[in-house]
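So the protein sequences, as listed, match chains C and S.
Residues in the first sequence are numbered consecutively from 63, following our numbering.
Residues in the second sequence are numbered consecutively from 63, following our numbering.
Derived from the structure by calculation, the hints contain no laboratory data.
A couple of the hints might just be wrong.
Identical copies carry no separate label here, and so any pair may be met within one copy or between two of them.
Unchecked claim - Pairs of lysine-lysine residues, derived as DSS-like cross-links and limited to a Cα-Cα distance of at most 27 Å, are as follows:
#1 Lys420 with Lys79
#2 Lys263 with Lys418
#3 Lys263 with Lys324
#4 Lys418 with Lys324
#5 Lys320 with Lys420
#6 Lys79 with Lys320
#7 Lys418 with Lys66
There are 2 protein chains.
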Amino acid sequence: MDIKGFQFSAVEAAIKKPGRKDLALIFSEVPALACAVFTVNAVKAAPVLLSVERIASGSAQALLVNSGNANACTGEMGMVVARETSHLVAEILAIADDAVQVSSTGVIGVQMPVDRINNAVPALVTGLSSGTLDDVAQAIMTTDTFPKMEARSCQAGGISYTVAGIAKGAGMIMPNMATMLSFIICDAAVEPAFLDAAFRKAVDSSFNAITVDGDMSTNDTCLIMANGMAGNAPITAGSPEADGFENLLHDVLLSLAKQIVKDGEGATKFVEVRVTGATNNADAKRAALAIANSSLVKTAFFGQDANWGRIFAAVGYSGAAVDQSRLSLSFNDVCMAREGVFAGGDAEARGTEVLKLKEFTVCVDLGLGNGTATVYTSDLSHEYVSINADYRT
Amino acid sequence: MDIKGFQFSAVEAAIKKPGRKDLALIFSEVPALACAVFTVNAVKAAPVLLSVERIASGSAQALLVNSGNANACTGEMGMVVARETSHLVAEILAIADDAVQVSSTGVIGVQMPVDRINNAVPALVTGLSSGTLDDVAQAIMTTDTFPKMEARSCQAGGISYTVAGIAKGAGMIMPNMATMLSFIICDAAVEPAFLDAAFRKAVDSSFNAITVDGDMSTNDTCLIMANGMAGNAPITAGSPEADGFENLLHDVLLSLAKQIVKDGEGATKFVEVRVTGATNNADAKRAALAIANSSLVKTAFFGQDANWGRIFAAVGYSGAAVDQSRLSLSFNDVCMAREGVFAGGDAEARGTEVLKLKEFTVCVDLGLGNGTATVYTSDLSHEYVSINADYRT
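Make the full structure from the sequences, and use the hints.
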């Protein structure tokens, strides 16, 4: 991956336990334009509170991130630790404290092992000379079973630039914010207001369109840093390059979002839920999320049971305007129900075949208007229960 | 149970498959005062649509109920079947069609086997001479592992009367309506407006305060019939007997609601979630339901993991006003966290002991005001996934 002016490092600080790298750093050689979206949970982790404060400047040069401890529900002490560890990084890098974004993921309610982190910071900074983005992607994993990365390139004014990103997810995945950690880096120069708008739009159609279990974490963060080192003239809204940048950003974020769903805790299925014919787009999203979050629907997916009635029931309680006599539903190209009732014929057998696939699409048409929405979800398996019953042990 | 003027019957109609009684009838020897609450799901089963229409009269004399098929998402044909089968019952009983309430539970989206039901109706009516309420409680079970019944007696003006009820639940249990089937019978005379108010109040603090999986069905119904055959003077609001009646009704409904949670699909724990210190009661209920519906919280209960951080996270996204520095939490009498952070000491070990119990209470104080709410829930186990993955097979 050819992305200019970013350096990476990851080390083992034994935050939860020894044996893996759990502290990572992304550093831009020059101050980068930065924006971020954070969890809307009223219970926010200390690093989120600190990063929200710091991102107001619109700029950042480093990201310090750890797994193994969320530094959430840790009170004043949690804030002290977030400030202290990021101060140490800033000092060695000779940048301002406020230029360091901080992010944590892991168990809630346990104080951070500040000494172990501080002891690891010098080696972390030294490691910048030889690390890769993949190292960081590995270090932020918790119950993830594989690291999540994506990178795409494009041109602006004849100059090539790259957008790359990493993410961690697995559990606690639910829209109304990124609901996981994702860090996007970009070497293009981009006009600040356009970057902000393009980023929020891309988050909305990617991370805010996935759901695994409907829970929303205290730490969710999606951050982008654009350092301009590709050397292009800043991309502005409405320019010929704007579309290309927006599409690239959307593709990178959607790829990361889909990787998160595919690695959803215990997931055995990847399901695209597409709702059409709603009164408006907001209603379509309500209906799609109700389907994607229903435990009964998700266990039926796990059981490969073409139980379309449960999907209609979820649509019915979603809050979207619904006329049950106009509902239709298909699994891939197999129509299971139309005008609210079973389609008949061999639909049951053919629908069951679709549900045996690893990936399939559920289309529900409400038959009322032009509103549409797409969300991505997984099934609910025995493994999800196992992972979450024993998470802290 | 000594309840005057009601008769019961249950027979096998082999609606889903042969081998058990699945069609039942409750009959009042005289027209009874009746009121009911139904699912607020926009996708409503045919029997719900028909019963809503009929209950407007404020009276009913019979209830026809089946398990094995929900008669939901069955379109016009579903309505025809509901009308036809209840007409047959009305004809043999020599009462008006409109005096028959109809209720169904089971799989969604499959047409009812109308011939098998019609064939079974004569024996069903004949059976009224010898059946019991327990027979009906057995016949309405689906994935329930035990029948749910409760009966209590009280006096009004020196005359003894009884309130009895049955329920079925297990999956699809979630407030904002009864979210299961429950049928309450009462031989007291009660003034109509008072019965309606007392019934809705009792439903709110019982069936609307339980949750198993957050799903809401297409068929939920809670019906009460009061036939006055105890011979008391009608109980009126504000009378000396009013409190006694309200308490009795509440006790019967809460007992049934708790039985439903204890028999929640795959449940291994019965958890009372009590929220105090909210800005108002509505906020307290929001917070309590967010906790009770969180998959992450419920799997932690199953794993006997005192993961109080997940509970704070659920409170944080509930929509209730929250100041994270004021939150406190206890499992039974073990304080796990105060002022938003871990309580320290041996809380972890003692909290874990509490979670090993079959039943325990989670108390969360928001530290903001006087709002309180209590809801009842179960854990989320492997068994829940198994039951719902294979439900239709």
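Same-copy or cross-copy closeness of Lys420 to Lys79 [CA-CA at most 27 Å]: neither (34 Å within a copy, 32 Å between copies)
Lys320 and Lys420: within-copy, between-copy, both or neither at 27 Å Cα: within (14 Å within a copy, 39 Å between copies)
Homo-oligomer pair classification [Lys66, Lys418; C-alpha up to 27 Å]: neither (44 Å within a copy, 54 Å between copies)
Same-copy or cross-copy closeness of Lys418 to Lys324 [CA-CA at most 27 Å]: Within one copy only: 16 Å inside a chain, 33 Å across chains, cut-off 27 Å.
Intra/inter-copy verdict for Lys263 and Lys418 if alpha-carbon distance must be at most 27 Å: Cα proximity of Lys263 and Lys418: none, with 34 Å in one copy and 46 Å across.
Homo-oligomer pair classification [Lys320, Lys79; C-alpha up to 27 Å]: neither (29 Å within a copy, 41 Å between copies)
27 Å Cα threshold - placement of Lys324 relative to Lys263: within (22 Å within a copy, 45 Å between copies)
Violated hints, in rising order: 1, 2, 6 and 7; the structure is consistent with all others.
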